[in-house]
Amino acid sequence: MKRLYLLLTVLILFSILSATDVFESQRENMVNNQIKARGISHRATMEAMQNVPRHRFVPSMQRRFAYSDRPLPIGHGQTISQPYIVAYMTEIVDPQSEYRVLEIGTGSGYQAAVLAEIVDSVYTIEIIPELAETAAGVLKSLEYDNVKVKAADGYYGWEEHAPFDAIVVTAAAEYIPPPLVEQLKDGGKMVIPVGSPFRTQNLMLITKRGDDIVSRSLFPVRFVPFTRSE
Amino acid sequence: MSSLDKTHPFQLISIGLLSAAIIAFQLVLMTLFSNTQWYHFASMVISVALLGFGASGTFLTIFRSFLLDNSRRVITLSMLACSLFMALSVTLSQLDPIRFDSFLIFSEQQHVFKLIATYLVLFIPFFFGGLAIGVSFARDVKNIGTLYFANLLGSGIGGILVLGLFWHFYPASLPIVIAILPLIAALIFIMRKLDTFIMIPIIFVAIVILVLFINPPETKTSEFKSISQVLQLPDAEIKHEQPTPFGLIQVVSAPALRYAPGLSLQYRGDIPIEDVVFSDGEWFGPIIFLQDSNSAHIYDYSTIGLPYRMNAHQNVLVLDAGTGDNIAHALSNRIPNISAIEPNATIPRILNSKYPQSSVYLREEVSLHQMHNYTYLLSAEDKYDLIVMPTLDAFGGTSGLYALQERYYLTLEAFEQMWDLVDEDGMICISTWMDYPVRYPLRILSTFTELLDRQNISDYQSHIAAIRSWGMVSFVLKKTPLTDSDVTSIRNFASEMNFDPLQLPDIQPEERTQYNQMEDESFFTYFDLLMSGQGDDFIRDYEFNIAPTSENRPYFSQFIRLDKLSQLRTYFSDHSLPFLELGYIIILVTLLQVSIVAIILIILPLLTRRWGGSHKIWTLFYFGALGIGFMFIEIVFIQRFVLYFGNPIYAATAVISSILIFSGLGSFTTSYFIAARKSIMNVCFIIITFAILYSIFLTPILKLTINTPILIKLLLTIILIGPISFAMGMPFPFGLRLLNRHNPTNICWAWGINGCLSVISAVLATVIAVEFGFIAVMIIAALMYAIAHISTSLSYSKF
Chain G
1 MKRLYLLLTV LILFSILSAT DVFESQRENM VNNQIKARGI SHRATMEAMQ
51 NVPRHRFVPS MQRRFAYSDR PLPIGHGQTI SQPYIVAYMT EIVDPQSEYR
101 VLEIGTGSGY QAAVLAEIVD SVYTIEIIPE LAETAAGVLK SLEYDNVKVK
151 AADGYYGWEE HAPFDAIVVT AAAEYIPPPL VEQLKDGGKM VIPVGSPFRT
201 QNLMLITKRG DDIVSRSLFP VRFVPFTRSE
Chain U
231 MSSLDKTHPF QLISIGLLSA AIIAFQLVLM TLFSNTQWYH FASMVISVAL
281 LGFGASGTFL TIFRSFLLDN SRRVITLSML ACSLFMALSV TLSQLDPIRF
331 DSFLIFSEQQ HVFKLIATYL VLFIPFFFGG LAIGVSFARD VKNIGTLYFA
381 NLLGSGIGGI LVLGLFWHFY PASLPIVIAI LPLIAALIFI MRKLDTFIMI
431 PIIFVAIVIL VLFINPPETK TSEFKSISQV LQLPDAEIKH EQPTPFGLIQ
481 VVSAPALRYA PGLSLQYRGD IPIEDVVFSD GEWFGPIIFL QDSNSAHIYD
531 YSTIGLPYRM NAHQNVLVLD AGTGDNIAHA LSNRIPNISA IEPNATIPRI
581 LNSKYPQSSV YLREEVSLHQ MHNYTYLLSA EDKYDLIVMP TLDAFGGTSG
631 LYALQERYYL TLEAFEQMWD LVDEDGMICI STWMDYPVRY PLRILSTFTE
681 LLDRQNISDY QSHIAAIRSW GMVSFVLKKT PLTDSDVTSI RNFASEMNFD
731 PLQLPDIQPE ERTQYNQMED ESFFTYFDLL MSGQGDDFIR DYEFNIAPTS
781 ENRPYFSQFI RLDKLSQLRT YFSDHSLPFL ELGYIIILVT LLQVSIVAII
831 LIILPLLTRR WGGSHKIWTL FYFGALGIGF MFIEIVFIQR FVLYFGNPIY
881 AATAVISSIL IFSGLGSFTT SYFIAARKSI MNVCFIIITF AILYSIFLTP
931 ILKLTINTPI LIKLLLTIIL IGPISFAMGM PFPFGLRLLN RHNPTNICWA
981 WGINGCLSVI SAVLATVIAV EFGFIAVMII AALMYAIAHI STSLSYSKF
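Line order of the protein sequences matches chains G and U.
Taken in order, the first sequence gives residues 1 to 230; the numbers are from this note's numbering.
Taken in order, the second sequence gives residues 231 to 1029; the numbers are from this note's numbering.
Note that these hints are calculated values from the structure, not bench results.
It is possible that part of the hints are untrue.
As the list claims (entries may be wrong) - Rough simulated footprint, nothing fancy, chain G against chain U, three-plus residues with beta-carbon under 8 Å:
(1) 458-464
(2) 483-492
(3) 741-754
Keep in mind that this is a model prediction, so the values were computed, not measured.
Each residue gets a CB set at the ideal place from its N, CA and C atoms; glycine is no exception.
Bound conformation, chain G alone (with noise of 0.2 Å):
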């Protein structure tokens, strides 16, 4: 009997190994032909997406696919988003150790642990309270300590940690709220992902400069460039 006990915990430790194992090959893979192989060079941001268990952020249904190169759904009509995007949006605001960022739209907090990964500090609010309680909860499983999550409307953004040197707004809407734009500091960036949840196509990303604030569209598409045929 002691025996069996002994090759039964075995067995289950062999499978807990092997599932670690897989689930780091896989992110390995992730970062290597998503990410870096699509031209992503930030080299903190690249660390912060080995670094970051993706899996730990998804449903435990859709965990399989955790390191797929799409979105995946997270319940409440929402998504995670593609891991080139992660990995796009945050190169594309040029975070440093020293930042303050906030992000709108926590989701899966998937977003936020990566940026925390880099930055000083990470504010991320979300509206959906469930969603909200989830992602908190898995960052703080994973000690990302320098994350606050806030469940909120994210119109009004974080007022009382304003200014903020970057912004990710990944819960789009047809127009972006003052506040946040208020709130950016001058030389600040703000990006926003374009598109259907599962066609993410078009990133805007919004500079701060003095009294004019600058939209430049960008095109990662999937991700070649989309150019006609001469």
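We have chain G already, so just place chain U on it with the hints.
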């Protein structure tokens, strides 16, 4: 066959009731799936479900002897099964293992299996309904004319009936209500001699219907539909709800709901919180609460505000007014006369009754015309100095859900009408979200340049202005050349709001990207090509179809070119491509799907060893051609008469019911004629002649009489639809009677072929209309009847 089995009025009534139920159920299912999923998935589901009809014919062919020997019980039990599964359709399709989410079909395999399971659930009532009708036809073919008449008349009445039901019942309850009809049909059918064996299932089905009626099932809307996401917001609630034939109208309020499309990044004020109207779970429009007359409207801080910054206007026409946001914008700019066009009568009614303090439709400056936009343009005589169109596409795109929505008011012909309606100094304004790859702005521009060509104006630069923000482009097309004052106003507006001029007579390249830059500036290259007058080559070569649309092909939001499909797959994955233009992709997949299943069902009986008989090829071609031809003509009529009457729901119902009633009468009169080769050939020739004449003259006749009173229009409709429909009701019963004389074993197979091809043709007609236009659909319908004519001439030369 006993005397009980001969055609009897009770039998005709029960066939009529069953037929009414089947048509009503079909329309209800489309509404149900439009409400919980998306309209195009509704078409997909319905097409497969209707294959139940085709399958019933195949089943009948294989088990003919047994089914006909027990026809009375088979018919009754089939009607009861149809009733039961109609009533249970919502309950079963909403079970967790079966309920699918259309948005996840392309990314999660389990939803594909769930979709298949949904097909099976919905297949069953159509199968049993088709079986009951098929057996009724097969056992009494010599009275097929009368039976087919009952079938068609019942179908026509079913269409009218469901229209009334839409106003009074929520979508989830409708199948239960409709299920009563086949139950009554079964009772009437066996009334002359009650059978104890049958009474038990009758009582059982009645109890099930009663229980479900008292406690109807709930439907769950896809979590990715707009309303599902909005209802997740804190304190979101549905304030008002109204089922209508247009869809389920719901008004939602939430403290976090705001709407300010393409708002300038320079705007520092508040964005008003608004209630929002949804139709079938999709965003319909915001209810703008009118500010005091001194407050600017939020649209003044978007590119949409462009025309009001150029000029003061007096008479404004607002097309597709919806919830009135553009009307409110005009009111805030102190426009004294506003004509608003909105075909959906429910929306103004809800606003007036639930928001009387702020409903724009109650303002004295506003005159509402409840009709189709294009119908108004064809019939209007007033002049306007500004025509405002609704904003196209949506932020983030609509995934091409509207690719198959006919938008007659965006066709070249519509813009020509608008050109005539604006006065000398007038302008037309249209805004669109920027999409990627670029399609909408380029199509608008190609339409404008083509319009100017038709007005013999080659100097596009002087008549077209456009500005661009971070997300939107707004165009102004002016009848007279833009003045220096216009250009200055546009530049000032753009500068103030951090917008960029996109097109001005003296535009400089660096102006275009001062505040809103683009990584890929090829958009400007394409834009300039179209403005240069050398756009034809570009339009021909571009990966998407951006040519102007027409009355014949009014699909403004449909851009995919089938010849470029493989190329697009290299840019967008198979996961992403469907969301580029979901509506059209779905229809293509549906066509493939139903074609495969239909072919299997048609081929299956041929593999039955015992099945013999002659004239198989004739049966296949004749009944297949009838199935396609009938449906194609019906679809073209619906499209044309919707424009004629200006109201899509009532027009479609009137047309469908007229076609079915007149063709029913035609079917009835076949009893007085010999079913012979010559009869068929003569009738087909009449239909071919009508179809060809209508392909040329129908639209001009309708346009010529569009301003006549409604009663004259109704009379004209009967005159135009009646005769051809009457003739269309004859070939099917003639054909079945011919078969009955020479090869009765083919009858069931004929029924199945006709059913299958009818299903395919409903989808095929849409694809043909998109690719080639409605005239092509009518011509092909004529061709189908020509096939019926020729095949009869060749196969039955001895008759």
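These are the hints, each one checked on the structure:
1. Given as covered by chain G, the stretch 458-464 of chain U passes the check, having 5 residues with a CB less than 8 Å from a CB of that chain where 3 are the minimum.
2. Note: the stretch 483-492 of chain U has 7 residues with beta-carbon separation from chain G under 8 Å; the three-residue rule is met and the coverage holds.
3. Under a criterion of three residues with beta carbons nearer than 8 Å to beta carbons of chain G, the stated coverage of the stretch 741-754 of chain U is upheld, 7 such residues being counted.
Checked against the numbered hints above, the structure breaks none of them.
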